[in-house]
Each structure stands twice: as structure tokens, then as C-alpha cells.
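K.L.:
Here is what each chain is made of, one letter per residue.
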Amino acid sequence: MPRLILFVPFALFLVLVGYFAVGLTRDPSELPSALIDQPVPQFELPPVQENGQGLATADLKGGVQLVNVFASWCAPCRIEHPLLMRLAKEEGVTIHGIAYKDKPQDSQRFLAQLGNPYQRIGADLDGRIGIEWGVYGVPETYIVDAEGRIRYRHVGPLMPFDLDEKILPLIRELQK
Amino acid sequence: MKRLIPLLLALTLAAPALAVMPDERLADPALEARAREISKELRCLVCQNQSIDDSNAPLARDLRVLVRERLTAGDSNEEALDYIHARYGDFVLLRPPVKPETWALWFGPAVVLVLAGAGSAFYLHRRRREVETTAAAPLTADEERRLEAMMAGGDDENNRGHAGNTGDTARL
Chain A
1 MPRLILFVPF ALFLVLVGYF AVGLTRDPSE LPSALIDQPV PQFELPPVQE
51 NGQGLATADL KGGVQLVNVF ASWCAPCRIE HPLLMRLAKE EGVTIHGIAY
101 KDKPQDSQRF LAQLGNPYQR IGADLDGRIG IEWGVYGVPE TYIVDAEGRI
151 RYRHVGPLMP FDLDEKILPL IRELQK
Chain B
1 MKRLIPLLLA LTLAAPALAV MPDERLADPA LEARAREISK ELRCLVCQNQ
51 SIDDSNAPLA RDLRVLVRER LTAGDSNEEA LDYIHARYGD FVLLRPPVKP
101 ETWALWFGPA VVLVLAGAGS AFYLHRRRRE VETTAAAPLT ADEERRLEAM
151 MAGGDDENNR GHAGNTGDTA RL
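Protein chains in written order, with the working numbering: chain A, 1 to 176; chain B, 1 to 172.
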């Protein structure tokens with residue numbers, strides 16, 4: 001009998017080690033969106049500000065845009081806020097907001113304090129539109145292409161390296 | 001015994017803690033039962049090792065309410081489940097679908113079991129054959145002599161020599 005066969009269990013063991021090692025490097029909280037490359041869901045949300053504009057599916061066509069799901073009660077949203085301001089002011093990226101389960105007056109106060117990077121903001125009072133987008137926590141950020149398809153989803157607060165490594169390069173590429 | 005009965009009663013009568021709030025429940029018991037069944041299939045995305053039926057997270061509640069709304073609107077169980085699956089992906093299903101990425105998950109244990117079974121069967125078969133062949137062979141003249149010496153008792157020196165060199169016939 002060839003002796004090599006004795007090494008089969010060891011080889012299998014190595015394969016399993018590799019398999020689990022890869023699995024452990026992945027962040028279990030970062031789920032891929034089921035909606036990647038799908039058109040944005042059908043929705044229409046009322047505005048947060050009295051004289052502002054709400055957000056609807058039709059607004060998300062005709063250019064590469066960012067949709068940021070936020071809430072005034074969400075601490076990580078405050079952390080990423082300066083980056084959204086930078087994206088809007090310095091990089092000229094169009095950002096729309098969905099205020100997830102947030103009272104409009106709270107959202108307004110939040111934006112008055114920290115500045116408003118959003119062009120349009122829809123108030124998702126009961127979180128139902130969040131479910132349409134597959135949102136499971138705030139903040140989440142989506143990149144929508146000119147045809148109104150979701151091309152990227154970022155879960156959790158945006159960090160500077162996310163902007164430089166993923167968000168901005170993808171926006172530039174989609175804008176070509 | 002007197003103390004045991006209340007304990008047993010407490011253990012058997014204790015209802016599991018439910019996350020489903022009274023205000024979420026549907027009036028129709030059949031629909032409600034179907035809703036519970038679907039809820040148990042759906043993973044809570046916030047506290048990832050619970051079903052939405054077990055979870056107190058607000059999103060789990062929203063999804064439970066959504067499932068009940070869809071059932072009330074006339075969805076089948078399948079349709080209601082698909083609605084959520086389409087938005088949250090495979091991850092939301094506690095029973096993942098069978099497809100190439102999940103083959104390892106579905107068939108891995110069976111494959112390992114079969115391999116282990118085949119390995120053990122092979123090993124046992126070989127061992128039995130070894131035992132049979134050695135048992136069947138008659139003793140050689142040399143072995144015959146050693147056996148006789150052992151049965152007769154032999155002297156101390158010889159015994160000591162055997163203890164360390166059982167296979168060494170030259171010392172006999």
C-alpha cells in the first residue's frame with residue numbers, strides 16, 4: 001500500500017485550516033448587499049425639513065450619487081459626518097440622505113449642529129424604506145450609478161481610508 | 001418528593017421567553033402560527049445568532065410586523081420569506097440554500113463521515129486479515145523450542161534476556 005495515503009488526513013486538515021483561517025479574517029458584521037447591481041427600490045419619502053425636498057426613486061437617476069442612511073441618535077453617524085461634508089464640499093459628490101427612524105426635528109437639529117452635506121433627505125419614520133434597501137443598522141452608505149443601480153454598499157461609519165480606497169475611486173470610475 | 005413536585009412543575013410549565021409582543025400578534029390564530037413559522041426561519045441581522053422570533057432588536061420587530069402584514073395581504077409563506085430574502089440576501093435565512101458556495105456546509109459533514117468510515121473499515125479489514133494469517137501459520141521449529149523452554153520455566157538469565165529481546169532468537 002502506498003505510504004502517501006497516510007498523509008491524506010493531514011492534507012485534509014490543512015485544507016480545513018486554510019478554509020477557517022480565511023473565514024476568520026472576514027468581518028461577520030459586514031454583509032454583502034443582496035441588492036448589488038439591482039435598481040434602487042421603489043420608494044418615496046417626505047422631506048425632513050419644512051422647505052426641503054424629500055427623496056424618491058426618481059431622484060436617484062441621471063448621475064452617480066451617494067445615499068447615506070443616518071439618524072441623529074446614531075453615534076457612528078456623528079463620527080462619519082465630517083467625511084460626508086468633505087465629500088460634498090471638496091469632492092463635489094452628490095449625497096442624499098435617508099433619516100432612518102428619526103424624528104424630523106431631531107434630524108434638523110443634528111444637521112444644524114454639524115452641517116448639512118445632503119442635497120435631498122427623505123424621512124423614513126418607521127424604517128420601512130430602510131428594509132426595502134436591506135438596511136440593518138445605521139449608518140450605511142450606498143453608491144448608486146447613473147442608471148439608478150446600487151453598485152456598492154458600505155456598512156458602518158465611513159473612515160478616511162474607505163473614501164480614498166473604495167468610495168472615491170468607484171465614484172470616479174462610474175462617472176466615466 | 002414534596003419539594004421535587006413544585007420544581008418539576010416550574011420546569012415544565014415555564015414558557016420560553018418570547019420576543020413577540022402582544023400588540024404584534026395577529027387576531028387570526030392560523031395566520032399568526034404561519035407568521036411564527038416564518039419568523040423562526042429568519043435570522044435577526046442585528047444579533048446574528050437569533051431568529052427574528054427570538055430577538056428583541058427593533059429591526060427584528062419591524063421584520064416580524066412586515067411578515068404579518070404580508071401574510072394578511074394574502075402572501076403565501078414562501079412569498080413572504082422571499083420578500084425578505086430578496087432584500088437581505090442569503091444571510092437572513094437560518095437555513096441556507098443549497099448552492100456551490102454552501103456545498104461545504106451542506107455536504108461537508110457527510111463527506112467527512114464517509115471518509116472516516118471508509119478509513120476505519122479499511123483499517124479494520126487489514127488488521128483482521130493480519131490476525132488471520134498470523135494465527136493460521138504453524139509455529140516454526142525455532143518457535144516451538146522457545147515455547148517449550150518458556151513452559152519449562154528456564155533459568156533466570158534466559159528469562160531476563162527474553163524480557164528485553166523477545167524477538168531475538170539468537171540468544172536462546
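Just to be clear, a hint being listed does not mean it is correct.
[What the hints assert, rightly or not] Looking from chain B toward chain A, a few residues come up when the C-beta cut is under 10 angstroms (computed):
#1 L66
#2 L81
#3 A104
#4 A110
#5 L113
#6 V114
It should be emphasised that the hints constitute simulated quantities derived from the structure, not laboratory data.
Bear in mind that the values here come from a model prediction, so they are computed numbers and not experimental data.
Every residue gets a Cβ at the ideal spot worked out from N, C-alpha and C, and that includes glycine.
K.L.:
Any hints this thing doesn't respect? Which numbers, in order?
P.N.:
2, 4, 5 and 6
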